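Visitor: Spelled out from the first residue to the last, the chains are:
Protein chains: 2
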Amino acid sequence: MTADLKLSKSAYFVLRSLLTGPKSYWELLLEQETSGRNFIPELRKLLEEELVTQDPSTRKFILTEKGKEFALSHISTPEVVYCPHCKGRGIVLSGRFKDLLHEFKKIASNRPRAIPEYDQGYVEEEVTILRVAYTYLKGDLEGKEILIIGDDDLTGIAMAISGLPKKVMVLEADERIVEYTNQVAKERGLNNLSAEIFDVRDPLPEKHRNAYDTFITDPVETLEGFSLFISRGVAGLRGEGASGYFGLSYVESSFRKWHQLHRRLYDMNLVITDILPHFQHYALNPDDIMNKGYRIVDRLGVEVNYPDVNWYNSAFHRVELVGDPKPHYPADQRIDLGRELYFDDEAYVTLY
Amino acid sequence: MTADLKLSKSAYFVLRSLLTGPKSYWELLLEQETSGRNFIPELRKLLEEELVTQDPSTRKFILTEKGKEFALSHISTPEVVYCPHCKGRGIVLSGRFKDLLHEFKKIASNRPRAIPEYDQGYVEEEVTILRVAYTYLKGDLEGKEILIIGDDDLTGIAMAISGLPKKVMVLEADERIVEYTNQVAKERGLNNLSAEIFDVRDPLPEKHRNAYDTFITDPVETLEGFSLFISRGVAGLRGEGASGYFGLSYVESSFRKWHQLHRRLYDMNLVITDILPHFQHYALNPDDIMNKGYRIVDRLGVEVNYPDVNWYNSAFHRVELVGDPKPHYPADQRIDLGRELYFDDEAYVTLY
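These protein sequences, in sequence, are chains D and A.
Under the working numbering, residues 1 to 352 are what the first sequence spells out, in order.
Under the working numbering, residues 1 to 352 are what the second sequence spells out, in order.
Hints are computed from structural coordinates only; laboratory data are not their basis.
All of these numbers come straight from a predicted model, not from anything done at the bench.
Take the hints with a grain of salt, since some may be wrong.
Pairs involving identical chains hold if they fit within one copy or between any two copies, as the list cannot separate such chains.
As the list claims (entries may be wrong) - With a Cα cut of at most 25 Å, we get these calculated SDA-like pairs of lysine to any residue: (1) K167 to L72; (2) K106 to G121; (3) K68 to E145; (4) K167 to P112; (5) K98 to L72; (6) K68 to R96; (7) K167 to A108; (8) K98 to H85.
Sequences are here, hints too, so could you generate the full structure?
Guide: Dropping the structure here:
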């Protein structure tokens with residue numbers, strides 16, 4: 001290694017982070033902006049070059065003496081840049097949204113548990129409400145009709161109890177979530193909320209086409225799966241000025257893949273207006289992560305500790321229609337995607 | 001007006017904002033996410049419908065009695081969502097970056113003044129440093145070689161005095177800025193900083209092609225002008241993983257135009273990884289705004305007060321190469337664009 005060595009982005013992030021102290025695998029992943037598929041070889045290389053090692057008792061990663069010397073000669077003392085008050089998100093929950101979080105937590109405590117077999121995995125409760133607050137800020141919530149495609153996060157409930165939207169329609173494949181949503185709507189007299197069973201591969205029912213101001217989804221991240229989720233959302237929108245929201249992860253989608261996925265958005269007459277990095281954090285079950293055979297664990301080749309942070313995160317995207325909706329997959333067609341709906345080379349936190 | 005009326009996004013933002021008190025034209029523009037060309041008719045409509053009026057002494061906009069009644073029946077009490085600590089940006093200046101701002105302000109106090117005839121207009125000094133801090137956060141600054149295309153903001157100087165980049169090259173048409181940058185470099189012994197005269201319409205000199213890790217620019221916002229600035233930046237990049245940063249305004253670029261501009265990025269092998277809304281605020285000269293015949297003032301048809309806030313703002317974009325650089329305009333070609341480089345239907349803060 002010479003002083004002129006160009007560090008890869010991943011290696012730079014790891015070394016910069018370890019200069020501040022030991023970090024678990026999960027803490028390192030939290031900061032990365034590369035796919036797990038790309039990151040694992042980078043981390044292995046740092047281990048093989050003996051710049052980084054693991055603390056044998058905690059399994060956290062630390063700098064070796066050699067690594068410390070190398071890092072100090074290449075990297076200045078790390079500086080915190082994220083705002084500590086909002087954790088870098090730029091928005092905070094106060095007033096009605098603080099109350100909403102309190103209320104939502106009570107409801108979510110009885111929620112149906114996530115089923116990895118359905119590729120479920122919901123965001124932190126606070127993130128659900130931050131998402132709601134953001135749509136409010138952007139003028140996409142109050143007085144609006146909202147379509148939610150897939151809702152293990154219970155965003156539909158959160159939006160409805162805010163009292164702000166005119167209507168919230170949840171379309172979801174898991175009947176437990178549909179029932180739970182409708183039950184909450186009934187118990188709380190939320191006339192603006194309802195849920196229906198919907199498989200994203202089926203045609204979008206006619207009554208839901210061109211009928212909404214805003215869609216929200218948390219799509220699978222294969223090219224075709226993503227295109228399908230967004231197609232259903234777009235098909236639900238009224239027209240120019242209508243908006244959509246979704247997350248896109250780093251760990252299961254490289255920027256190469258983002259490029260492909262984003263292109264599809266522009267072909268659908270959508271423009272990306274906001275990308276908030278690392279905005280959405282997911283409360284995935286640590287037991288599942290360790291024991292389901294996910295490649296994010298199995299491919300590393302060294303043992304790691306149980307997840308100690310909510311490491312899986314995604315960039316929150318807002319898109320807006322600049323013309324008529326042009327879904328990639330037509331609204332009236334059933335699209336028969338099998339395992340390739342969920343699974344590609346970068347699906348490292350997804351069941352085979 | 002009925003209770004079921006769908007408010008336009010612009011009208012909703014104006015009424016929601018006026019529920020919190022009187023607002024100057026400039027304060028209203030600051031919050032908008034639509035072009036001035038689209039906004040002005042919306043504001044005029046609210047005046048004509050007598051929902052909004054102007055305070056005769058301050059020229060600020062206020063709700064009429066009718067407007068107040070209407071707003072209260074459609075819009076709930078406005079809730080602050082932006083983080084007050086970082087003003088919604090998600091990042092803050094502390095430690096070395098706080099010191100950097102202090103140092104930069106001293107240098108910038110002697111800067112060459114902006115010349116509207118060159119389509120100049122620089123960002124607030126704090127924004128220049130926030131921009132530097134963001135590139136650091138993203139791993140695009142430390143140890144990197146940086147190319148700046150057009151630098152009335154003096155970002156090159158700010159980056160160089162941070163001591164973090166390996167090299168900073170400023171290419172700029174205005175020889176005052178080139179001289180000032182080289183003078184500061186000399187006085188402060190900044191060996192990593194230099195500036196050269198460059199007209200973006202000229203071919204990118206061969207020594208600058210495929211030679212940088214990061215480019216930064218604040219492009220003009222016509223389709224061809226934007227494509228040209230980004231083409232020069234991209235042509236300067238080494239390859240996959242290299243990044244670029246630029247701003248895109250709301251007031252001079254509708255989302256329809258964003259859609260066209262963004263498409264060009266994807267054609268150039270760039271993917272957008274971050275869009276931070278309203279991140280960059282510009283310190284434009286209020287006298288120029290009022291007296292240069294800009295359409296943003298002249299087309300409104302009512303008198304307004306002198307700008308009382310830094311209202312002109314843009315969304316900060318980060319892009320990353322996912323393959324080889326593919327500039328829209330080849331690096332070795334002179335591109336003869338005339339007034340259409342600067343001017344289109346949405347150029348409302350640009351000289352004829």
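Visitor: Please write out, lowest number first, the hints stated earlier that are contradicted by the structure.
Guide: none
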